[in-house]
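Residue strings, one per chain:
There are 2 protein chains.
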Amino acid sequence: MNGNMMFQPLLISNLIQHAETYHGDTSIISKNTDGSITQSNWAQVAQNAKRFANVLQSFGLTLSDRVATIAWNNHRHLESWYAISGSGFICHTINPRLFPEQLIYIINDADDKVLIFDKTFVPIISQIKASLTKVEHFICLDADDAIVSAAIPDVKFYDALIQAQSVNFAWPEFEENTASSLCYTSGTTGNPKGVLYSHRSTVLHSYAISLPDSFNLSAHDTILPVVPMFHVNAWGTPYAAAMVGCSLVLPGPMLDGASLVHLIDQYKVSMALGVPTIWQGLLSAAQQLNSRLDSLERNVVGGAACPQSMMEAFRDVHQCETLHAWGMTETSPLGVVNQLKAKHYDLAEAEQFKLRFAQGRPPFGISLRICDSENGVNEVQRDGKTTGHLQIQGHWIVNTYFGADKTALTSDAWFDTGDIATLDQDGYLNIADRAKDLIKSGGEWISSVELENIAMSHPDVEAAAVIAAIHPKWDERPVLIVKQRTGSQLKASEILAHYNNKIAKWQIPDRAIFVETMPIGGTGKILKKDLRQQFGSILLSV
Amino acid sequence: MNGNMMFQPLLISNLIQHAETYHGDTSIISKNTDGSITQSNWAQVAQNAKRFANVLQSFGLTLSDRVATIAWNNHRHLESWYAISGSGFICHTINPRLFPEQLIYIINDADDKVLIFDKTFVPIISQIKASLTKVEHFICLDADDAIVSAAIPDVKFYDALIQAQSVNFAWPEFEENTASSLCYTSGTTGNPKGVLYSHRSTVLHSYAISLPDSFNLSAHDTILPVVPMFHVNAWGTPYAAAMVGCSLVLPGPMLDGASLVHLIDQYKVSMALGVPTIWQGLLSAAQQLNSRLDSLERNVVGGAACPQSMMEAFRDVHQCETLHAWGMTETSPLGVVNQLKAKHYDLAEAEQFKLRFAQGRPPFGISLRICDSENGVNEVQRDGKTTGHLQIQGHWIVNTYFGADKTALTSDAWFDTGDIATLDQDGYLNIADRAKDLIKSGGEWISSVELENIAMSHPDVEAAAVIAAIHPKWDERPVLIVKQRTGSQLKASEILAHYNNKIAKWQIPDRAIFVETMPIGGTGKILKKDLRQQFGSILLSV
Numbered sequence: 003m004n005g006n007m008m009f010q011p012l013l014i015s016n017l018i019q020h021a022e023t024y025h026g027d028t029s030i031i032s033k034n035t036d037g038s039i040t041q042s043n044w045a046q047v048a049q050n051a052k053r054f055a056n057v058l059q060s061f062g063l064t065l066s067d068r069v070a071t072i073a074w075n076n077h078r079h080l081e082s083w084y085a086i087s088g089s090g091f092i093c094h095t096i097n098p099r100l101f102p103e104q105l106i107y108i109i110n111d112a113d114d115k116v117l118i119f120d121k122t123f124v125p126i127i128s129q130i131k132a133s134l135t136k137v138e139h140f141i142c143l144d145a146d147d148a149i150v151s152a153a154i155p156d157v158k159f160y161d162a163l164i165q166a167q168s169v170n171f172a173w174p175e176f177e178e179n180t181a182s183s184l185c186y187t188s189g190t191t192g193n194p195k196g197v198l199y200s201h202r203s204t205v206l207h208s209y210a211i212s213l214p215d216s217f218n219l220s221a222h223d224t225i226l227p228v229v230p231m232f233h234v235n236a237w238g239t240p241y242a243a244a245m246v247g248c249s250l251v252l253p254g255p256m257l258d259g260a261s262l263v264h265l266i267d268q269y270k271v272s273m274a275l276g277v278p279t280i281w282q283g284l285l286s287a288a289q290q291l292n293s294r295l296d297s298l299e300r301n302v303v304g305g306a307a308c309p310q311s312m313m314e315a316f317r318d319v320h321q322c323e324t325l326h327a328w329g330m331t332e333t334s335p336l337g338v339v340n341q342l343k344a345k346h347y348d349l350a351e352a353e354q355f356k357l358r359f360a361q362g363r364p365p366f367g368i369s370l371r372i373c374d375s376e377n378g379v380n381e382v383q384r385d386g387k388t389t390g391h392l393q394i395q396g397h398w399i400v401n402t403y404f405g406a407d408k409t410a411l412t413s414d415a416w417f418d419t420g421d422i423a424t425l426d427q428d429g430y431l432n433i434a435d436r437a438k439d440l441i442k443s444g445g446e447w448i449s450s451v452e453l454e455n456i457a458m459s460h461p462d463v464e465a466a467a468v469i470a471a472i473h474p475k476w477d478e479r480p481v482l483i484v485k486q487r488t489g490s491q492l493k494a495s496e497i498l499a500h501y502n503n504k505i506a507k508w509q510i511p512d513r514a515i516f517v518e519t520m521p522i523g524g525t526g527k528i529l530k531k532d533l534r535q536q537f538g539s540i541l542l543s544v
Numbered sequence: 003m004n005g006n007m008m009f010q011p012l013l014i015s016n017l018i019q020h021a022e023t024y025h026g027d028t029s030i031i032s033k034n035t036d037g038s039i040t041q042s043n044w045a046q047v048a049q050n051a052k053r054f055a056n057v058l059q060s061f062g063l064t065l066s067d068r069v070a071t072i073a074w075n076n077h078r079h080l081e082s083w084y085a086i087s088g089s090g091f092i093c094h095t096i097n098p099r100l101f102p103e104q105l106i107y108i109i110n111d112a113d114d115k116v117l118i119f120d121k122t123f124v125p126i127i128s129q130i131k132a133s134l135t136k137v138e139h140f141i142c143l144d145a146d147d148a149i150v151s152a153a154i155p156d157v158k159f160y161d162a163l164i165q166a167q168s169v170n171f172a173w174p175e176f177e178e179n180t181a182s183s184l185c186y187t188s189g190t191t192g193n194p195k196g197v198l199y200s201h202r203s204t205v206l207h208s209y210a211i212s213l214p215d216s217f218n219l220s221a222h223d224t225i226l227p228v229v230p231m232f233h234v235n236a237w238g239t240p241y242a243a244a245m246v247g248c249s250l251v252l253p254g255p256m257l258d259g260a261s262l263v264h265l266i267d268q269y270k271v272s273m274a275l276g277v278p279t280i281w282q283g284l285l286s287a288a289q290q291l292n293s294r295l296d297s298l299e300r301n302v303v304g305g306a307a308c309p310q311s312m313m314e315a316f317r318d319v320h321q322c323e324t325l326h327a328w329g330m331t332e333t334s335p336l337g338v339v340n341q342l343k344a345k346h347y348d349l350a351e352a353e354q355f356k357l358r359f360a361q362g363r364p365p366f367g368i369s370l371r372i373c374d375s376e377n378g379v380n381e382v383q384r385d386g387k388t389t390g391h392l393q394i395q396g397h398w399i400v401n402t403y404f405g406a407d408k409t410a411l412t413s414d415a416w417f418d419t420g421d422i423a424t425l426d427q428d429g430y431l432n433i434a435d436r437a438k439d440l441i442k443s444g445g446e447w448i449s450s451v452e453l454e455n456i457a458m459s460h461p462d463v464e465a466a467a468v469i470a471a472i473h474p475k476w477d478e479r480p481v482l483i484v485k486q487r488t489g490s491q492l493k494a495s496e497i498l499a500h501y502n503n504k505i506a507k508w509q510i511p512d513r514a515i516f517v518e519t520m521p522i523g524g525t526g527k528i529l530k531k532d533l534r535q536q537f538g539s540i541l542l543s544v
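As given, the protein sequences belong to chains A and B, one line each in that order.
Start counting the first sequence at 3; every next residue gets the next number (this note's numbering).
Start counting the second sequence at 3; every next residue gets the next number (this note's numbering).
In short, the hints are calculated from the structure, not lab data.
The calculated SDA-like cross-link candidates involving lysine to any residue, where the alpha carbons are at most 20 Å apart (straight line), are: (1) A/Lys270 - B/Lys345; (2) B/Lys345 - A/Ser29; (3) A/Lys408 - B/Met8; (4) A/Lys345 - B/Asp267; (5) B/Lys345 - A/Glu22; (6) A/Lys195 - B/Asn4; (7) B/Lys485 - B/Ala465; (8) A/Lys345 - B/Ser29; (9) A/Lys158 - A/Phe61.
Residues of chain B placed beyond 10 Å of chain A at every Cβ, according to the derived structure: (10) Gln49; (11) Pro98; (12) Arg99; (13) Ser133; (14) Leu163; (15) Gln165; (16) Gln268; (17) Asn292; (18) Ala352; (19) Glu376; (20) Gly445; (21) Trp447; (22) Lys493; (23) Ala499; (24) Gln509; (25) Gly523.
Nothing here was measured: the structure is a model prediction, and the numbers come from that model.
Positions of the beta carbon are idealized from the N, C-alpha and C atoms, including for glycine.
Chain A extracted, bound-state conformation:
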């Protein structure tokens, strides 16, 4: 017997309708590609989304056609998202930092019919355009511009397109499992793989990330997603912001520390989200600019582990609570967030702080387990010590990659994340390493992440990476790559001595190498693959 309640599909268009109706005058602040600021609000975003939906309709697209975006976090990009998914098309967000051949592969693989882009990306698009045989419409997210028209002859301009359209558009209703958006993984091996989100998965994810024990989002908040909209949908915040009616500050292309300090202080940002490299820049700039970041109550760190020194700086200098979180493209992305439980508040403050370095625990809707092999179904103990392969299930977890003919899951329907981790009895997750970044020395595993965290705790170290170098006797040994702070005179012997008494002797890296710049990937992470290529054989040549 079914319940006798109303049935309504969970649709992304409901999110923008809710924001328009109940939070119409709530600010959307947007930094444009030219650095100017546009002040808008949810009502205007909703109206422009409907105008742009009329534009897309005029192109004759049909349900589930792909519309690609290569754009910064800004209001036009936000409007286009709601227009695309709300219309029943698939919003394909593309990382502009990919190589040209990767861009061509992704756009053709997705069968994108429309390509929307910010001016910043005109050079790359004009370079690859001839290879994008399936794209029928190129739209620059800006006002008319002769230079852009010269570079991309048949380009259309967003502002002119929407100005020609009515704000009247009835969001269509369709089945909630319909695909809503598409994001390709950065793909460290082989071609990038697409994750195809649905309306249902996106709306349920929005509820989950807004909960008090997740990002705690409300209409009191002004949030700054520094994490790009092309990187797992800015961790879902543009959807959740509409759900709860919070204000958004969209930083556009300027992600340097000083620009972020100005945005936080001027628009009273209460929460910001990004990767550790972003926070490093923010903390330095805040110090230089003498800003206390007074409005900032909390920041979310994902993408990589947050060094202890960074978390302490946020807490002690800025009275800002740093929340560790973990997820990936395949998990929409929220897997876990680190929020303490009631019982933890009885602990001493130092003990509480230590707990914050775990990645966190899952919201309702996510299940985790640690198995003894990546295809395995044997769970290891949840004792906070036993490591194994992290696997995940939930309403917003990938099932099959876009276009793939076989499942991405284990035989019993879990997704293996590729991470090595522990779980404790409360369900707190601790990521030890990526499975592929573990170092196997003489049959024993060494965690590269642990070695990096120790290096990062040295005041002269700005960035650190530990790789597995091939070793004639031990198979692999850890090698530390360091970028030191400007003006530092750190020696290899000193940084290696920094490991003494912190870990077992046999785990200390064999070598420390100083570099001028770290290779950084499209999502702000250090490209260990490149470092392995460059330094992976260095112990052989001794």
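Following the hints, position chain B against chain A.
Just chain B, lined up with the frame of chain A:
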């Protein structure tokens, strides 16, 4: 094209599994029928739920069979809920304060196969048992008791039943729109009508009520649902508590102020939920017992408007934030909660406080409109002034009453709530009155709620109700019924003078009548229907 994400049905069994796995040691405090306290936790609740699921399975029930409960808020009742719905049966919660003939009607109408009850209700059940021809199993939520066995010869006892069963039970998976629970409205006219909730509606409602701008529930919280589990599922809190892993304090049968003060202070309750009459008792008892209710951060008031004096007492004496909320059996119940927005914090404190008297604004998942007639589709202005018929849509709103052959909705699929209300531009709802409680005097409407609030602001008034009395000239005129505080010597002329300069002269009640006791219904509300019967013709006899 569908998204390629995992599909899992939204099921109530997932809630208890989540609480068991990630919040196993979080306390569940329960006051038993005999006044003793049982300390349990989510892991034990989950285990006993599985044991009781095995009991129900041994009865040979089939999917969607109804299992009724007549019980207080306690741990056994909580366990039985998860066992019943988690197994795919329908948990039919019954209000024990109904008249015997109403209980018989409801139990037979629902076709209940099993009846679960607390000892308190042995007398009424033994009285009506002969009329309950379809009930096959009577289960007392307690240990074996000879007196109960004597009164109900074939009774079984919960404790013995579950002790005989294994904790191994695999929660079955079924379609998420399957019915999960059933609650009858109090039914002021005609027979009570059943609202049949689904697993999907319950889980989505749990997400929505846990949001920061709803009840703001997290694993930091210890919540005390004073509102009974038989009254719209204790406003959904037993489900949401499992979702977020908060601690529960279940007050059993003792809902007097002193008992609640002791529970709040002893178990450090952070949030409590109930109707105004409960809070009146709590505030008086806290004063007498000299308790500051230090742990209580917020309380939710629903069921009736919260008098200003009460909200001020919570704020000023107890530093407790009072949240107005509105809903009904047909809305699961959450329609709106009053949480302020960022812009309101720029207002003076007194202005902010005034805003808190609206019922609130809807979470994502609910839409509201005010129409010019109860069947009408013409929306009136959202100006905070224009009153009309409140209508609602959403994932957890009734569609059709249990067993009814026609929809409960308007021609365009909205549910008319029977309330007269305004909406403002931010979506804040203000209930003016129940449509049936409005007083029509000489063609002009007078709100009984407004007149009651003014009476309640007089320090000598403990309870007040305003009814429409038949009038030979004006059709209807307001008559005020007052219960004064013990020891007060209030005169009718004084309480009527209290209205001067607060409202227009023609709206002041014609008469004030003092009563020793107010007729209170099963859900703690004043039964205006009874007052109208008693006093509705009083102006004719002048």
